[in-house]
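Peer 1: Protein chains in written order, with this note's numbering: chain G, 1 to 253; chain B, 1 to 512.
These aren't lab readings, by the way, just hints derived from the structure by calculation.
Just so you know, these numbers come straight off a predicted model, no measurement behind them.
Be aware that one or more of the hints could be misleading.
[Claimed, not checked] Calculated pairs, BS3-like style, for lysine-lysine (alpha carbon to alpha carbon, straight line, at most 30 Å):
#1 B:316 - G:79
#2 G:79 - B:193
#3 B:126 - G:223
#4 B:192 - G:221
#5 B:192 - G:23
#6 G:23 - B:309
#7 G:44 - B:193
#8 G:44 - B:192
#9 G:79 - B:306
#10 G:10 - B:307
#11 B:88 - G:221
#12 G:221 - B:126
#13 B:193 - G:10
#14 G:10 - B:404
#15 B:306 - G:23
#16 G:10 - B:306
#17 G:23 - B:193
#18 B:309 - G:79
#19 G:79 - B:307
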Amino acid sequence: MFQTLQSLLKNGYQTIDDIRGAKLPDNFRGYPMVLEDNNGELAKQCMDVCPTDAITLNPLTINLGKCIFCGECEEVAPKLIHFTNDHLLATNTEEGLLVRHGKPKTGINPGVLRKEIHEFFGGSLKLRQISAAGDNSAELELNASGNINFDLIRYGIDFVASPRHADGVLITGPISENMSYATINAFNAVANPKVIILCGTPAISGGLFIDSPAINRSFLKDKHIDLYIPGNPPHPLTIVAGLAEFIHLKNKQ
Amino acid sequence: MHTNNYIKVKNFHSVALDKIPTLDYESEFLKQSNFILSDKSRYVLAYFGKKENDVLRTYMLIADDKEGDIFLYSSLMDLSKKHLSISKEHFCAEKFEREMYENFGLMFSDHPWLKSVRYAHDRTDKSLLQTNYPFFKSDSSHLHEVAVGPIHAGVIEPGHFRFICSGEEILHLEIQLGYQHRGIESLMLENKKPSYRLALSEAIAGDTAIGHSYAYCAIMESLSDTLCTHNATLTRMILLELERIANHTGNIGNLSVDIAYQPSSSIMGKLRGLMPLNMMMIISGDRFGKGILVPGGMRYKIDTAKKQKLSAMILKFEEEFISTAELLMDSDHSMNRFETCGVVDDKKVLDCGFVGISAKMSGIKRDTRQTHPYDAYKNIQFIAKTAQTGDVKARLEIRIAEVKQSVELVIQALNQLELNDEIYSNDKNKWCNPLNNSIKPNHLCVSLIEGCRGVICHVAITDVQGELDTYKVVDTSFHNWLALALACRNVAISDFPINNKSFDLSYCGHDL
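Next up, chain G with everything else stripped away, as it sits in the complex (with noise of 0.2 Å):
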């Protein structure tokens, strides 16, 4: 007994209190910067060395949704492409994923946000996580987030084990086929109002399972998309960041 009130006495206070503006180390692939607008030889070599096109030219654009951060690109172009520490990741609209030269980060965007979240979900957000054929990665991050460095249940969000007891769904990995019948159902068993959470570069756009025949993604196919966290796997900070943003921004309109 004494051992163990040693042992917690000596943790002490493990929590990061500043999660927006907590610093990795510099060579952490977080928001990449397009350095110019170049679309010559040396971007369409970036445009053809990543292994999920989401380098596009004309401009010269890093798709956020498509990216895994593996840094192939900054790697052939490091003066066109250069991927900062920053862990702020988190968008709620397609246009947000999009990095292009001279165009400001987006972020959440409060005037897209639909008014029941911050309403309904203000004070507390509880979520059914659904792994849908990932690597495993996201869902490790997302057990960090609850530890106690990370601490996501502060802000009043966590994950629950029933959909009935869900405020919305936040889906990590491509969707396989074998996956898309129980995805459904656990979606319909949410109560409204809802939220969709995508959750990592496979959940966003199916990353490297864009094209598998063994993928089923036609349950996103006329769904609105609450949040998204890109990520390969977005790190806790990305997930507790984007989350309690999400749920303390007040649409205005």
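Starting from the known structure of chain G, fit chain B onto it as the hints suggest.
Peer 2: Quick look at chain B alone, frame taken from chain G:
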């Protein structure tokens, strides 16, 4: 009577296809397999097929742990006929035969049960559906069934568990997987972009991104006769051991959560991130080590400043890990939950061909760092840690022992890095040799890497142009899911979570 019609290859080696003997199935292949496997220390690493016109070319790779090499031989099988199975005599081949039945329609007349493996998108019989899995049933009114999944209470990968229970006691557990199937093996062949294939290897199982990408890189290097630099092989060892430390630490924390032992649950959870994951980030820019391994070496180097930081972090981790692990092991109420719970004895391990921790827990030293060492592991006399009791406690003990062992390996490897050496590459950032352009045509290459759970096996076959023709991935979990099912027999259903966590198997690694 037996034949000696096989070749033996070492880990990381490539061999020309025409050197691999082709045996007639009924008269030679079957007999030879049964004979080789009658030495129970051997187990099937990979047994798979590829279509050659109307027949199935099969390749058998069996681990010979005593000699440190791999039996390799082949057969051609008529897909329109029924064949006798190896599994009738040696159960460790059963799932591989079942996988070939699913993928190619290869029929066996005496296989114990040809049920689906993962409902692969390219399975032969598309009328077989996830929703129609033929669970073993009992009509007894004294028994009831409990169904869990695919979606589980926590944030965890999907799988379905079907229990047949008598009151609180599990009599039978059947595990249905396949929900995570993404088509890895066919994607690896279809998309020929090197950056895609590398990224795909990291995505087979994200928590063993290093294990799988190491196996992939080793194959590409072997097929092109590219040597890795000294620093690169050391860094790969550092990353592989950090991955092991991270997974084991998280797992010990999760086990603690399941028995509501708060001190180790919160501290292990924090430690996992603070040290091994952040150390992987310092080296690679990513907490899982994605984006650093590349065929030929490493994308980023470790400089003196990083090395000092890493050395300090690992020592701090070691101190806190050891004291927290002691807290858990000294806790009587925790040990009371773990002892004698979920036992799989050594006989079952050998019969079923379990590997890694699922074998070491019952005293069987299956660890490729010891039996089939590669790269930096060749220079150390690695001895695998084992336990004897085969229960949850044993699996926990091994993890604690392996973390301590891995910490020592990381410290040693950091000290062996040649930080002032400039001879390897013109590019200041890379510790990488450029890949020789020509990939050997008509070759087979096998790589075994000891991931945190056990052996990861990749087998690649090239065609006449040196293009990848077949890519087989056998994750540790392909061997080991049955171990969990067996462990849960006669266990109270409330102890299922700690058993599941104590095996800590990969769903996506199995499903591919």
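Peer 1: For every hint, state whether the structure bears it out.
Peer 2: Outcome of the hint check:
| no. | hint | result |
| --- | --- | --- |
| 1 | B:316 - G:79 | 38 Å, violated |
| 2 | G:79 - B:193 | 23 Å, holds |
| 3 | B:126 - G:223 | 29 Å, holds |
| 4 | B:192 - G:221 | 29 Å, holds |
| 5 | B:192 - G:23 | 37 Å, violated |
| 6 | G:23 - B:309 | 17 Å, holds |
| 7 | G:44 - B:193 | 15 Å, holds |
| 8 | G:44 - B:192 | 18 Å, holds |
| 9 | G:79 - B:306 | 24 Å, holds |
| 10 | G:10 - B:307 | 27 Å, holds |
| 11 | B:88 - G:221 | 47 Å, violated |
| 12 | G:221 - B:126 | 25 Å, holds |
| 13 | B:193 - G:10 | 50 Å, violated |
| 14 | G:10 - B:404 | 22 Å, holds |
| 15 | B:306 - G:23 | 17 Å, holds |
| 16 | G:10 - B:306 | 27 Å, holds |
| 17 | G:23 - B:193 | 34 Å, violated |
| 18 | B:309 - G:79 | 28 Å, holds |
| 19 | G:79 - B:307 | 27 Å, holds |
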